[in-house]
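A.B. asks: Take a look at the letters that make up each chain.
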Amino acid sequence: MILTNQIYHQLKSVIDKERVLFSIEARIASSYDASRLSYLPAVLVKPINSKEVSDILRFAYLNTIPVYTRGAASSVTGSAVPIKGGIVLDLSLMNRIIEINPVNLNATIEPGVVVTDFQKEVEKQNLFYPPDPASADFCTIGGNVATAAGGLRCIKYGTTRDYILGLEVVLSDGRIIKTGRGTLKKVSGYDLTRLFVGSEGTLGVFTKIIVRLIPKPPAEATLLAFFDGPTKPLQLSLTLLDRGILPRALEFMDATSISAVMKYKPDAPIPPETKAMLLIEVDGYPQDVENLARQVEQYIQEAKPLGIIRAQDKNHSQKLWSIRKAISAALFSITAQKISEDISVPRASIIPILQTIKEIESTSGIPTATFGHLGDGNLHINFLVSTKEHENNLASALDCLFKRTIELGGTLSGEHGIGLTKAKYLPLEWGKDELEIFKALKQLFDPKNILNAGKIFG
Amino acid sequence: MVNIDKELERCAKCGQCRSVCPIFSVLKDETLVARGRLAIIQSKTTASSSVEYNDLAKIIDTCLMCRRCEVHCPSLVKTSDVFKSVRQELVAQNGLPSLLRLAFRWVLPNRWLYDNVMRLASSVMRLMIHHRTRQAPLRHLPLYFTNLLQRLPKLAPKSALESIEHPGVTSGRATPVSIFIGCAANYIYPGIIDGLTSTLNRLGISYVIPAQQVCCGFSALLSGDELTAKRLMKINQPLFKTDTIITVCPTCNRMLREMQDTEFGMRSEIIDAIEFLADTTESQISNPKSQIRTVYHKPCHSEGTKAPEIIRALLKTTTDYQETDSDLCCGGGGLFGLKFPDLSEQIGHLRLKSIHPSIGSLTIVTNCPGCMMQLDYLLSLTNSPMKTRHIMNILGSSQ
Ligand SMILES: Cc1cc2nc3c(=O)[nH]c(=O)nc-3n(C[C@H](O)[C@H](O)[C@H](O)COP(=O)(O)OP(=O)(O)OC[C@H]3O[C@@H](n4cnc5c(N)ncnc54)[C@H](O)[C@@H]3O)c2cc1C
Ligand code: SF4
Ligand code: SF4
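The listed protein sequences correspond, in order, to chains A and B. According to my numbering, the first sequence holds residues 162 to 619 in order. According to my numbering, the second sequence holds residues 41 to 439 in order.
FYI, nobody ran anything at the bench for these hints, they're computed from the structure. Treat the hints with care, as some may be off.
Reference listing, derived: stretches of chain A covered by chain B, where coverage requires no fewer than 3 residues with Cβ under 8 angstroms from a Cβ of chain B [to be verified]:
{"#": "1", "region": "176-190"}
{"#": "2", "region": "248-257"}
{"#": "3", "region": "541-548"}
Calculated Cβ distances over 10 angstroms to all of chain A for the following chain B residues [said to hold, decoys possible]:
{"#": "4", "residue": "Lys68"}
{"#": "5", "residue": "Gln128"}
{"#": "6", "residue": "Val248"}
For lysine-lysine, the following DSSO-like pairs were computed, each having C-alpha atoms within a straight-line distance of at most 27 angstroms [as the list claims (entries may be wrong)]:
{"#": "7", "chain 1": "A", "residue 1": "Lys245", "chain 2": "A", "residue 2": "Lys281"}
{"#": "8", "chain 1": "A", "residue 1": "Lys377", "chain 2": "B", "residue 2": "Lys393"}
{"#": "9", "chain 1": "A", "residue 1": "Lys317", "chain 2": "A", "residue 2": "Lys346"}
{"#": "10", "chain 1": "B", "residue 1": "Lys53", "chain 2": "A", "residue 2": "Lys499"}
Ideal Cβ positions, reconstructed from N, Cα and C, are used throughout, including at glycine.
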């Protein structure tokens with residue numbers, strides 16, 4: 162293994178030296194992600210094209226130096242932190258939208274494009290790129306592909322996985338391969354695209370991404386309903402689907418989340434006795450949307466809510482969404498530390514898993530706040546850790562949560578991924594044989610274990 | 041006093057600030073966005089002294105102090121307080137650049153001297169414009185000064201304070217309001233004050249304009265010169281005796297309000313002129329309907345206030361108003377444009393690009409004379425047919 166400053170000096174002959182950074186400031190600014198874990202890398206590089214990525218990887222491969230690909234570093238699992246030092250490969254400068262093709266309903270983009278920027282561009286052409294993680298304003302599409310990011314409209318439109326048609330990938334030794342074409346259908350060879358989606362930077366670096374687009378639904382309606390407890394909204398969400406209504410968003414917020422938001426946003430129009438909220442959004446043609454919204458409103462009324470607000474216009478709708486989107490930050494105003502999990506369970510298991518959470522709360526003494534995507538069974542469960550006792554009980558609380566999740570047919574992570582923070586739980590979900598296949602694939606693509614070394618498998 | 045360590049600790053490292061920082065939008069450099077800056081500052085507080093933070097000064101300097109990161113931060117980190125305090129520390133260690141020091145310590149607090157320096161600048165500028173056409177470089181002048189001369193728009197022949205004949209009109213409301221003018225409106229855009237006073241007259245609201253008022257001190261404080269900022273406040277404080285003080289510059293407004301709980305802070309209510317007008321009068325503050333085509337440029341320092349909403353609504357009802365794509369920063373940022381002219385221009389051009397480039401005769405309405413200076417400068421570079429107007433100009437001309 163070569164020394165840190167040798168890496169720096171040699172890399173300067175690989176790409177333009179202005180974009181090889183070694184200062185303590187640059188290294189600190191590439192040491193963390195939204196998990197708040199932090200490890201200093203040896204050096205930061207900022208390539209501008211596939212060729213440079215390939216040259217950097219070839220160099221790293223020859224010298225067996227770990228490489229950590231970085232989008233916006235909004236990962237909440239530590240998947241972007243350079244735990245073994247080495248090179249951080251920051252793709253922020255590779256942010257061109259190469260082509261938006263309205264006839265083929267696809268687009269080719271570089272990985273550093275920020276999701277919202279891309280969505281705005283395609284919407285100008287009346288097209289729609291549905292995946293919208295709550296971090297869409299700043300996270301990159303490359304990061305979304307690597308974490309198979311979900312978001313707020315998955316119940317109807319699916320996750321990032323469902324919109325990736327093909328990739329250009331630089332492998333760990335610098336070879337550049339292509340997976341998939343711009344076509345919607347494809348049965349020719351193995352589906353490598355799907356393998357790379359969700360690989361968390363451990364199998365290759367995406368340098369171009371072909372995404373699928375759909376026509377933009379012309380209208381939408383947003384409703385926010387308030388309840389005195391969780392039972393009615395949970396029942397209601399099942400009722401809607403039973404009656405053939407497929408909303409594009411179906412978001413649940415529990416009592417703790419709501420009380421945190423009320424503190425954080427005192428002007429939020431939430432009735433004081435609210436113990437559960439449901440945010441529902443439907444879309445389609447204007448007439449259909451109007452009918453759907455009326456039906457939804459009627460079903461909500463039947464569930465005897467404390468109140469309903471229907472957004473009058475886009476601006477109003479954003480205000481309603483801002484209540485839901487504020488929860489994560491709001492929780493910090495009632496706790497020093499929060500451990501967030503994003504398990505996902507089959508819809509029928511939502512009620513049982515919520516019961517488990519209540520039990521965990523009472524045995525561990527750690528308060529929890531649960532909110533998330535009821536529509537697809539992906540819940541964000543936050544353990545609000547504020548005392549020594551909470552800290553001591555956390556490990557067993559998490560164990561209990563994950564075990565029960567797997568028993569109920571669910572998964573450790575619906576959208577955030579495994580990264581560092583959940584690596585040790587992987588064997589709960591996967592048996593020896595599956596784990597061996599995972600490792601064999603990793604060995605095939607990255608024989609020297611340099612890509613995001615230390616992640617997923619610990 | 042904010043606890044800087046607590047603020048640093050509060051950053052959740054979420055990355056939201058990457059979506060709003062004007063500097064990041066052009067450079068894509070994490071060391072220059074709030075999350076990175078905070079992490080660097082935090083690590084410096086615990087680092088051993090052998091580690092050299094050679095880029096720290098640059099990292100702190102290349103911040104517009106636009107405060108967008110703070111307004112949008114879900115974790116409510118008071119970024120501007122952190123940056124300000126680090127600036128002050130750096131100035132305490134290294135001192136101010138001498139030209140700035142001269143300007144802050146001597147010129148800003150002295151109305152007479154300030155007037156005369158501006159007059160001098162204006163004559164030199166005329167000379168310069170003459171020179172510029174002959175491509176004569178001004179390399180021997182210190183960088184600040186050259187940039188200042190190049191970027192300063194034409195000064196008004198008479199400053200607002202000099203042109204005021206009747207500093208108080210007591211025709212309408214019994215209790216008058218005071219007008220805080222601010223440097224840019226005073227020397228460059230006195231028409232803003234005319235627009236404001238004629239609107240107040242029309243609505244029968246009495247006002248006073250303290251003639252001895254000086255700069256709000258924002259630039260000095262921002263550059264780490266707290267001493268000058270305090271001196272200026274001490275001069276201004278006793279001059280403003282009314283219950284309400286109205287401003288035409290969101291930066292002055294913010295500065296005056298932030299200083300309210302300090303020793304020399306003003307004790308009155310300090311409010312943006314447009315918010316004051318909207319709050320005070322039931323009647324329409326502008327007459328319908330002019331045919332000018334307008335867009336609104338939201339000053340960063342108006343983020344989180346009601347002014348933008350009021351102005352948008354007003355323009356919608358009284359002009360041919362177009363919504364722009366986004367609320368980008370103009371890149372002006374007071375002295376920032378002088379220190380980093382290229383960066384400032386890049387940010388500004390992004391802003392202009394987001395205002396539909398296809399639209400020709402368009403008026404960019406804003407409520408900040410600082411933004412007007414920057415936008416006017418950029419428009420002059422490209423000979424654009426667009427022009428800028430302060431919302432008070434619009435109100436003033438709609439008799
Ligand atoms: C406030 C907030 C809200 C969030 N909401 C959601 C949500 O609703 N849904 C959701 O799914 N996630 C959410 N996240 C998590 C996070 O935003 C996503 O995981 C996102 O996909 C990460 O993108 P990024 O660009 O920040 O990638 P990074 O965090 O930089 O990287 C994430 C992983 O992707 C790898 N990677 C990045 N780019 C590439 C590339 N080009 N090639 C190969 N590997 C690459 C990295 O090595 C790393 O392993 C949220 C995060 C925050 C802070
Ligand atoms: S938005 Fe606030 S909490 Fe998030 S990274 Fe920026 S400063 Fe930190
Ligand atoms: S104040 Fe403005 S320029 Fe400075 S870090 Fe925040 S957003 Fe960026």
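A.B. asks: Go through the numbered hints given earlier and state which of them the structure violates, listing their numbers in rising order.
C.D. replies: 3, 4 and 7
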